[in-house]
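Enquirer: Residue strings, one per chain:
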Amino acid sequence: MKAKKLRQLVDRMKPQFQKGGKLAKLHSTFNAFESFLFVPDRVTQNGAHIRDSIDLKRTMTVVILALFPALIFGMLNTGFQHFLSIGEHVAFFSWQGFGFGFLKVLPIIVVSYVTGLGIEFIFAQVKGHEVNEGFLVSGMLIPLIMPVDVPLWMVALATAFAVVFGKEVFGGTGMNVFNPALLSRVFLFFAYPAFMTGDKIWIAGLTKGQGVIDGFSGATPLGELAAGHTDKLPKFIDMFLGTIPGSIGETSALAILIGAVILVATGIGSWKIMFSVVLGGLFMGGILNLWGANSYMQVPFYYHLVMGGFAFGAVFMATDPVTGAQTEKGKWIYGFFIGLMSILIRVVNPAYPEGVMLAILLMNVFAPLIDHFVVQSNINRRLKRIPVKV
Amino acid sequence: MSKVIKIKRGLDIRLKGAAGKTVSQPGRSDLFAVKPTDFKGIDPRILVKQGQEVLAGTPLFCDKTHPEIVFVSPVSGTVEEILRGERRKLLDIVVRSGSQSGFEPLQKGDPATMDMEAIRQQLFKSGLWPSIIQRPYGVVADPTHTPRDIFISAFDSAPLGADYEFILKDEAKAFSTGIKALGKLTLGKVHIGLDSRKEPSKVFANLEGVEYHLFSGPHPAGNTGIQIHHVAPVNKGEVVWTVTPQLVALIGRTFLLGQLDSTWTFALAGSYVKEPRYIKGIRGMAIAPVLAGQLQEQELPPRVISGNVLTGTNIGENGYLGYYDSVVTVIPEGKYFDLFGWAMPGINKFSMSRSFLSSLLPKKSWDIDTNLKGGHRAFVMTGQYEKVFPMDIYPVHLLKAVLTNDIDKMEQLGIYEVIEEDMALCEFVCTSKTDVQEILRSGLDLIRKEMSQ
Numbered sequence: 002m003k004a005k006k007l008r009q010l011v012d013r014m015k016p017q018f019q020k021g022g023k024l025a026k027l028h029s030t031f032n033a034f035e036s037f038l039f040v041p042d043r044v045t046q047n048g049a050h051i052r053d054s055i056d057l058k059r060t061m062t063v064v065i066l067a068l069f070p071a072l073i074f075g076m077l078n079t080g081f082q083h084f085l086s087i088g089e090h091v092a093f094f095s096w097q098g099f100g101f102g103f104l105k106v107l108p109i110i111v112v113s114y115v116t117g118l119g120i121e122f123i124f125a126q127v128k129g130h131e132v133n134e135g136f137l138v139s140g141m142l143i144p145l146i147m148p149v150d151v152p153l154w155m156v157a158l159a160t161a162f163a164v165v166f167g168k169e170v171f172g173g174t175g176m177n178v179f180n181p182a183l184l185s186r187v188f189l190f191f192a193y194p195a196f197m198t199g200d201k202i203w204i205a206g207l208t209k210g211q212g213v214i215d216g217f218s219g220a221t222p223l224g225e226l227a228a229g230h231t232d233k234l235p236k237f238i239d240m241f242l243g244t245i246p247g248s249i250g251e252t253s254a255l256a257i258l259i260g261a262v263i264l265v266a267t268g269i270g271s272w273k274i275m276f277s278v279v280l281g282g283l284f285m286g287g288i289l290n291l292w293g294a295n296s297y298m299q300v301p302f303y304y305h306l307v308m309g310g311f312a313f314g315a316v317f318m319a320t321d322p323v324t325g326a327q328t329e330k331g332k333w334i335y336g337f338f339i340g341l342m343s344i345l346i347r348v349v350n351p352a353y354p355e356g357v358m359l360a361i362l363l364m365n366v367f368a369p370l371i372d373h374f375v376v377q378s379n380i381n382r383r384l385k386r387i388p389v390k391v
Numbered sequence: 227m228s229k230v231i232k233i234k235r236g237l238d239i240r241l242k243g244a245a246g247k248t249v250s251q252p253g254r255s256d257l258f259a260v261k262p263t264d265f266k267g268i269d270p271r272i273l274v275k276q277g278q279e280v281l282a283g284t285p286l287f288c289d290k291t292h293p294e295i296v297f298v299s300p301v302s303g304t305v306e307e308i309l310r311g312e313r314r315k316l317l318d319i320v321v322r323s324g325s326q327s328g329f330e331p332l333q334k335g336d337p338a339t340m341d342m343e344a345i346r347q348q349l350f351k352s353g354l355w356p357s358i359i360q361r362p363y364g365v366v367a368d369p370t371h372t373p374r375d376i377f378i379s380a381f382d383s384a385p386l387g388a389d390y391e392f393i394l395k396d397e398a399k400a401f402s403t404g405i406k407a408l409g410k411l412t413l414g415k416v417h418i419g420l421d422s423r424k425e426p427s428k429v430f431a432n433l434e435g436v437e438y439h440l441f442s443g444p445h446p447a448g449n450t451g452i453q454i455h456h457v458a459p460v461n462k463g464e465v466v467w468t469v470t471p472q473l474v475a476l477i478g479r480t481f482l483l484g485q486l487d488s489t490w491t492f493a494l495a496g497s498y499v500k501e502p503r504y505i506k507g508i509r510g511m512a513i514a515p516v517l518a519g520q521l522q523e524q525e526l527p528p529r530v531i532s533g534n535v536l537t538g539t540n541i542g543e544n545g546y547l548g549y550y551d552s553v554v555t556v557i558p559e560g561k562y563f564d565l566f567g568w569a570m571p572g573i574n575k576f577s578m579s580r581s582f583l584s585s586l587l588p589k590k591s592w593d594i595d596t597n598l599k600g601g602h603r604a605f606v607m608t609g610q611y612e613k614v615f616p617m618d619i620y621p622v623h624l625l626k627a628v629l630t631n632d633i634d635k636m637e638q639l640g641i642y643e644v645i646e647e648d649m650a651l652c653e654f655v656c657t658s659k660t661d662v663q664e665i666l667r668s669g670l671d672l673i674r675k676e677m678s679q
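Residue numbers (this note's numbering), protein chains in the order written: chain R, 2 to 391; chain P, 227 to 679.
Careful: at least some of the hints might be erroneous.
DSS-like, lysine-lysine: derived pairs with alpha carbons at most 30 Å apart [to be verified]:
id: 1; chain 1: R; residue 1: K330; chain 2: P; residue 2: K247
id: 2; chain 1: P; residue 1: K589; chain 2: R; residue 2: K273
id: 3; chain 1: P; residue 1: K266; chain 2: R; residue 2: K273
id: 4; chain 1: P; residue 1: K232; chain 2: P; residue 2: K589
id: 5; chain 1: R; residue 1: K385; chain 2: P; residue 2: K626
id: 6; chain 1: P; residue 1: K626; chain 2: R; residue 2: K128
id: 7; chain 1: P; residue 1: K635; chain 2: P; residue 2: K561
id: 8; chain 1: R; residue 1: K385; chain 2: P; residue 2: K415
id: 9; chain 1: P; residue 1: K561; chain 2: R; residue 2: K20
id: 10; chain 1: R; residue 1: K15; chain 2: P; residue 2: K506
id: 11; chain 1: R; residue 1: K273; chain 2: P; residue 2: K626
id: 12; chain 1: R; residue 1: K385; chain 2: P; residue 2: K395
id: 13; chain 1: R; residue 1: K330; chain 2: P; residue 2: K675
id: 14; chain 1: P; residue 1: K506; chain 2: P; residue 2: K266
id: 15; chain 1: R; residue 1: K330; chain 2: P; residue 2: K626
id: 16; chain 1: P; residue 1: K659; chain 2: P; residue 2: K415
id: 17; chain 1: P; residue 1: K500; chain 2: P; residue 2: K247
id: 18; chain 1: P; residue 1: K561; chain 2: R; residue 2: K128
id: 19; chain 1: P; residue 1: K675; chain 2: R; residue 2: K385
id: 20; chain 1: R; residue 1: K5; chain 2: P; residue 2: K232
id: 21; chain 1: P; residue 1: K395; chain 2: P; residue 2: K410
id: 22; chain 1: R; residue 1: K5; chain 2: P; residue 2: K242
id: 23; chain 1: P; residue 1: K234; chain 2: R; residue 2: K385
id: 24; chain 1: P; residue 1: K561; chain 2: R; residue 2: K15
id: 25; chain 1: P; residue 1: K247; chain 2: R; residue 2: K273
id: 26; chain 1: R; residue 1: K385; chain 2: P; residue 2: K635
id: 27; chain 1: P; residue 1: K659; chain 2: R; residue 2: K6
Keep in mind that the hints were calculated from the coordinates and are not lab data. Every value quoted in this text rests on a predicted model; they were computed, and no experiment measured them.
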């Protein structure tokens with residue numbers, strides 16, 4: 002009954018937003034809210050009379066659902082690391098820790114969504130389009146790849162940059178070349194390097210100079226390795242579980258793995274890309290192990306899977322269907338090179354401890370080329386089929 | 227028999243209301259129509275006037291480019307109405323059947339003893355030439371071509387598709403005669419695609435001069451386009467023809483009887499049909515007498531589709547049976563708002579993806595309505611079309627070539643091998659609700675126009 006009343010309310014408001022109505026200029030905005038509340042009553046006109054129940058909203062919802070384990074873990078870990086840094090002992094699964102983390106992370110999420118969706122609505126309005134759901138996922142990805150102590154204005158700025166220059170100038174969702182969420186990260190990385198690296202920003206409160214107890218380092222495992230402190234590397238199991246400093250959502254390989262299972266089980270995320278990224282990473286890690294020129298190269302190759310943003314990038318970033326390779330064969334190549342480049346950049350170039358971000362953006366550029374070769378081989382196959390006329 | 231060709235990619239959509247294996251006669255129908263809109267690649271010129279008396283087999287209209295291709299009245303009677311749409315586009319030519327039945331005479335005899343020209347003339351005169359669809363383009367066959375091969379798929383794998391073996395169980399003679407006639411029209415072979423899961427009935431088995439191919443796998447395994455692709459794909463410059471089994475029998479019957487017999491059996495199926503079953507009617511018949519008292523009384527209005535749910539035509543409750551269709555499907559019209567439909571667990575929502583709870587019920591039969599279930603978006607998801615498109619063709623790249631009117635690319639990417647029905651499942655599964663079939667048709671029309679110049 003409530004649904005009916007709500008529908009009547011929407012129907013009463015609708016004429017004002019349609020052509021000739023007082024608020025016709027806000028048509029796209031109204032439409033976005035209406036289709037958020039109700040799947041429209043539009044029926045098929047031509048072609049297939051029945052359609053699959055899936056739409057972009059559902060797809061994005063599933064991805065966000067898959068991000069939830071990483072998000073919840075990120076909140077828990079934010080609190081845990083904070084209390085650890087000030088020398089108060091709090092259990093990992095505690096309301097105190099979670100509450101602290103929740104209050105730290107929530108504002109970043111809110112800022113990301115408000116900025117991004119605001120810009121999306123404006124663009125849709127000006128172009129007269131429907132608002133696209135693409136940002137629903139980007140808006141969640143952005144906070145998860147930020148250090149927890151990032152200033153909120155930076156989040157807003159980076160989001161705006163990513164949405165405008167990463168997406169809208171190319172024509173909106175589906176047309177972009179680069180992964181928007183990664184673009185926001187890389188923007189901050191190069192525009193404000195001091196805020197995005199170092200060993201202070203990964204723990205809530207550290208940048209504001211809140212006390213650090215002796216013996217506590219806020220550096221991420223990758224930071225330690227880049228600085229040559231191989232002995233300070235946390236245990237593998239800690240890195241797998243994620244009770245280490247790092248970007249909000251990237252630390253727990255376990256939580257990310259749960260997300261990967263959701264994406265693959267629902268058929269939304271490409272297992273081929275995830276699998277080949279891991280394969281590429283292990284391959285490069287193995288080669289570096291064999292080389293073993295310095296202590297960093299000697300880190301066991303499988304450690305790379307649980308350090309830094311590798312897992313997060315493989316599961317949530319590389320699998321972005323718009324900016325990745327679009328052919329099935331191309332996905333194997335695309336993923337493999339992401340894995341390979343990530344580890345190569347990470348280990349060999351000490352200026353960029355986090356190689357995943359750059360590797361994915363680099364392969365975003367090459368994805369169309371990979372697809373081109375795959376499609377071209379299909380074309381050649383077809384040409385060869387034509388019987389030669391004598 | 228030859229080895230089984232396994233079709234791995236595809237999707238069987240199990241719908242409620244599959245037709246039971248019984249045949250009934252419909253209520254009396256006086257109105258019949260031939261619809262120019264059923265025929266692709268035809269520019270119709272009307273040949274009769276309103277009120278004119280016609281016999282079964284009298285031409286009602288013909289193609290302007292090839293006037294020998296005529297479209298005939300299935301019954302004798304008078305021309306009731308010539309319906310035109312926007313810009314005087316011909317829609318329906320309606321004939322009211324009279325009390326007396328008369329037939330235009332046709333040649334009687336064994337096609338095996340006739341020459342190619344005699345058979346062509348019989349097809350033209352009987353109005354059955356349009357039964358032949360040519361690839362590329364999926365249009366009524368161009369009579370100036372001699373096809374490389376002729377392909378017939380003996381089974382319909384589409385949702386609620388008709389069982390041709392059941393429809394033709396008493397038509398073995400007519401079918402084999404039709405096959406003989408078609409065999410004369412090509413220098414190559416007549417290929418018949420069979421469902422490997424079934425023992426072929428006597429209708430299709432042991433025919434002379436045909437090559438059999440066995441197919442297994444989900445829809446679209448029964449589509450001729452898929453079968454051609456796996457047997458001998460259409461290359462640039464080649465032409466192959468396809469005919470559906472019941473039309474083959476109809477062609478055969480003209481040689482056996484020496485006149486046009488428009489008896490036509492079709493499945494009446496779909497979740498809105500009280501007793502889904504087969505109907506023995508007449509081609510082009512008005513559908514209203516067939517549906518009278520047969521539909522479930524429900525809140526949502528019915529959508530009456532001549533053809534299957536993926537490729538058929540919405541003919542409404544007062545429309546007419548389409549020329550090629552062996553099934554009429556009635557499903558609910560999905561004109562309703564669904565509160566948070568995209569967020570609900572969706573135990574009742576069918577999806578190829580496993581993002582709804584419904585995927586836990588793989589054996590269930592579904593009642594799917596015509597709601598679009600989302601809004602139109604740009605291409606976002608990848609790999610989705612490939613899962614239901616068992617050809618060595620990149621569907622999204624092909625569609626993008628069409629959208630950019632890039633003729634060279636369309637050619638290179640294999641547009642000559644596909645018609646709408648082959649990509650209908652892509653449209654069904656599309657997250658972005660892209661009108662795949664419409665886009666493909668515009669590409670086919672464009673390239674056909676370019677090539678004819």
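Enquirer: Which numbered conditions among the earlier hints are violated in the structure presented, ordered from lowest to highest?
Expert: 1, 3, 7, 10, 12, 13, 16, 20 and 25
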